[in-house]
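J.: Starting from the structure of chain A, add chains B and C where the hints point.
Chains as they are written, first to last, in the working numbering: chain A, 3 to 227; chain B, 1498 to 1747; chain C, 279 to 502.
Just so you know, these hints were derived from the structure itself, not from any lab. Note that the structure is a prediction, hence the values are computed from the model and not measured. Check the hints yourself; a few may be wrong.
[What the hints assert, rightly or not] Calculated cross-link-like contacts (lysine-lysine; reagent style DSSO-like; alpha-carbon spacing at most 30 Å): (1) C:407 x C:392; (2) B:1723 x C:485; (3) C:349 x B:1572; (4) C:392 x C:458; (5) C:349 x C:416; (6) B:1724 x B:1572; (7) B:1724 x C:485; (8) B:1724 x B:1504; (9) B:1723 x B:1572.
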Amino acid sequence: MPFFNVIRWVAWKDLISEVRSRETISSMFFFALIVILVFSFSFSMDQAAARELIAGIIWVAFAFTGIIGLGKSFSAELQNDCLEHLQISPASKGAIYLGKLAANLLFMLIVEVILFPMFVIFFNLDVVEELPLLLLIFVLATLGLSTVGTLFSAMTVQIRAREVMLPILLLPLAVPVMIAAVEATRGALHGDPLSLYGNWLQLLAVFDIVFTVLSFWAFEWILDS
Amino acid sequence: MIGSMIKWMQRYEGWVGAGGGLCILAGLYLGLVVSPPDYYQGEVVRIMYVHVPLVQTAMLAYATLFVGSLWYLWKRDPIVDNLCHAAAGISAFLTALGLITGSIWAKPTWNTWWTWDARLVSFAVMFLILAGYLMLRTFIDDPEREARYAAVFAIVGFVDLPIVHFSVEWWRTLHQPLSFSMRGVSMSKDMLIPLGVMTVGFSLMFFYMVMIRTQMLYLDHLLAAKKGRLLSRVHLSSDVGSSPSSLSTP
Amino acid sequence: MIAIRGWDLGKSYGHYRVFEGLSFEVAAGECYALFGPNGAGKTTLLRILATLYRPTAGRFEIVGRDGVAEKEAARAALLFLAHGSYLYDELNATENLRFALALRSVTPAHHQIKSALDRVSIGAFGDLKVRYYSAGMKKRLSIAKAMLIRPQVLLLDEPYTSLDESGMSLMNRYITDSLKEGAAVLMTTHDRVRSAEVTHRLGVLDKGQLRQFTVDELKTHAIF
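Chain A extracted, bound-state conformation:
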């Protein structure tokens, strides 16, 4: 089916370009490390304080790192006017969106999965039993950031002040994702039973569905002449 073919090819193209150039993931990773470092020095945290704040610190780091990746997703298309190529291509714009979304989601998840052990080490967290749940939270929340983030990345790539416009547009809309991600992560790290914070996962799932559909529809208006 040509629709799924396009999704596969767009995602594959982004992934293989990243594997060969190793630009995006490495810059995201080191940026996140620096964020962690700055936070560690900003708050003088004992064990108890760390436990309270760590979920928030994790998601601030992930959000800002994610924005870097989302920005690169479409600024990479500016080389050789490839963005134009996508604009005039007869391929379904929705398929292009889903391909980009898949690649962005994967990049962000890879960085998060590499970073999280650093958090565990630096802040002495105890997480073994909660790992699958934490992974689920990461996937749902990262998807939430990526759905609207991919759309806005396409929107801002050709405008002035593009690096700052993406976070300005994205972060207010991502408030529910951030709140839910932090609360769910905190619950999981505390070892609370799922019933206590399961509603946050539901919120993330609803957000993901609503905004994937909305961005899928809206993408055609953005990536067009």
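T.: Relative to chain A, chains B and C alone:
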């Protein structure tokens, strides 16, 4: 379509504006002079007659922006885009005023300038979304793209706001225990009438402002187009220099 | 069959009007070369026909499909070879071709790609990342892409730039082959000599006006 909406606005703007003005004057009189002070809050409650209508009207303004954005994407009518731009600017202004009046009301009432209440936070997020909308419009140069992108952003933002409200509400029930109570206002009929009148007045004023501002934006674009025609006439008819590939008939 | 048709096309950027009232036709199997001084709007016109820009006045059709209302169908029928090569630096030639073709729902066999690359004489560089290609090699790769897509309408923006002698001959051979297969070609160019080998009609866009001639008129009139 191009002319009729503008003509309609020109016809009725006076009525809308006058109606709004009258309602506001009436509401101010009723609210500030006639209505009773609140049992708990005293005279301070009178700021409610300005704050609440501001908030309602700001939300009405965003709803107008939302509907206008959908309309623009459907019909691609540039005057509808002017309407959206106007509604967004006024909405941002009203939202800012709403936040400020809310803060002024909060300090004597709850002894704090700000609280992380669901309505306040989602209202603040609405302001950020509108500010982002206006910045987006400023930074895009191509007018057609500007209209399209802005419409999409307004729609996505509008869908998001209820979700923001919910999430902050849930968060608050977790982190703000009931000991911190925010007593509301016990509403008597004497308060509802001025409030209603003020709300109607502010809404009419909003419509008036949107009508005026839409026409202003339309005239701006018209002026640019006429300027373009004038400048192009110079470009298209200049005989300065003879280009190598210009033709000469035998 | 008229493959490209424009009625009263105009384009303005707010203050600035590039051109207006342009009407023209290009039939299937015909090549039309567009000349004009720098800044006249040749590329702008081409980009409108490629559905990259919207005209501010008038309308156009690609193979009978309206360029604005039936954009998708128009895009499926045309191929635009622009200044930008539309290539990804980190991918090699084969991968770039497969990607571009996948966007057009075409899945070529391996031997088809190999033969296209050979015909444009970059077969030896098939596995090299495009980042290392010269501008001329990128142009040749674009020709290979066009050979595999076989569009009904070819829009070429200064097709001879960056190409060496053999490259320019290759371009003309490709244009001739496409014309024989019934494609319509519209190109903007400054190269009168090379384009004269393939073109049937030409136009000059200057000061917002389009003056059109056939090649026979070239012989009788002192045009340039």
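J.: For every hint, state whether the structure bears it out.
T.: Status of the hints after comparison with the structure:
1. With a C-alpha separation of about 16 Å, the suggested pair residue 407 of chain C and residue 392 of chain C falls inside the 30 Å cut-off, and the hint holds.
2. Between the alpha carbons of residue 1723 of chain B and residue 485 of chain C the distance comes to roughly 18 Å, so the proposed pair stays at or under 30 Å and holds.
3. Pair hint residue 349 of chain C plus residue 1572 of chain B holds up; C-alpha atoms about 16 Å apart against a cutoff of 30 Å.
4. As the CA atoms of residue 392 of chain C and residue 458 of chain C are separated by approximately 23 Å, the hinted pair is consistent with the 30 Å bound.
5. Taking the CA atoms of residue 349 of chain C and residue 416 of chain C, the gap is about 27 Å. The hint holds against a cut of 30 Å.
6. Proposed proximity of residue 1724 of chain B and residue 1572 of chain B is supported: the alpha carbons are some 26 Å apart, at most 30 Å.
7. For the suggested pair residue 1724 of chain B and residue 485 of chain C, the alpha carbons sit about 18 Å apart, so the restraint of at most 30 Å is met.
8. Distance hint between residue 1724 of chain B and residue 1504 of chain B is fulfilled; the C-alpha atoms sit about 23 Å from each other, no more than 30 Å.
9. Taking the CA atoms of residue 1723 of chain B and residue 1572 of chain B, the gap is near 24 Å; set against the 30 Å cutoff, the hint holds.
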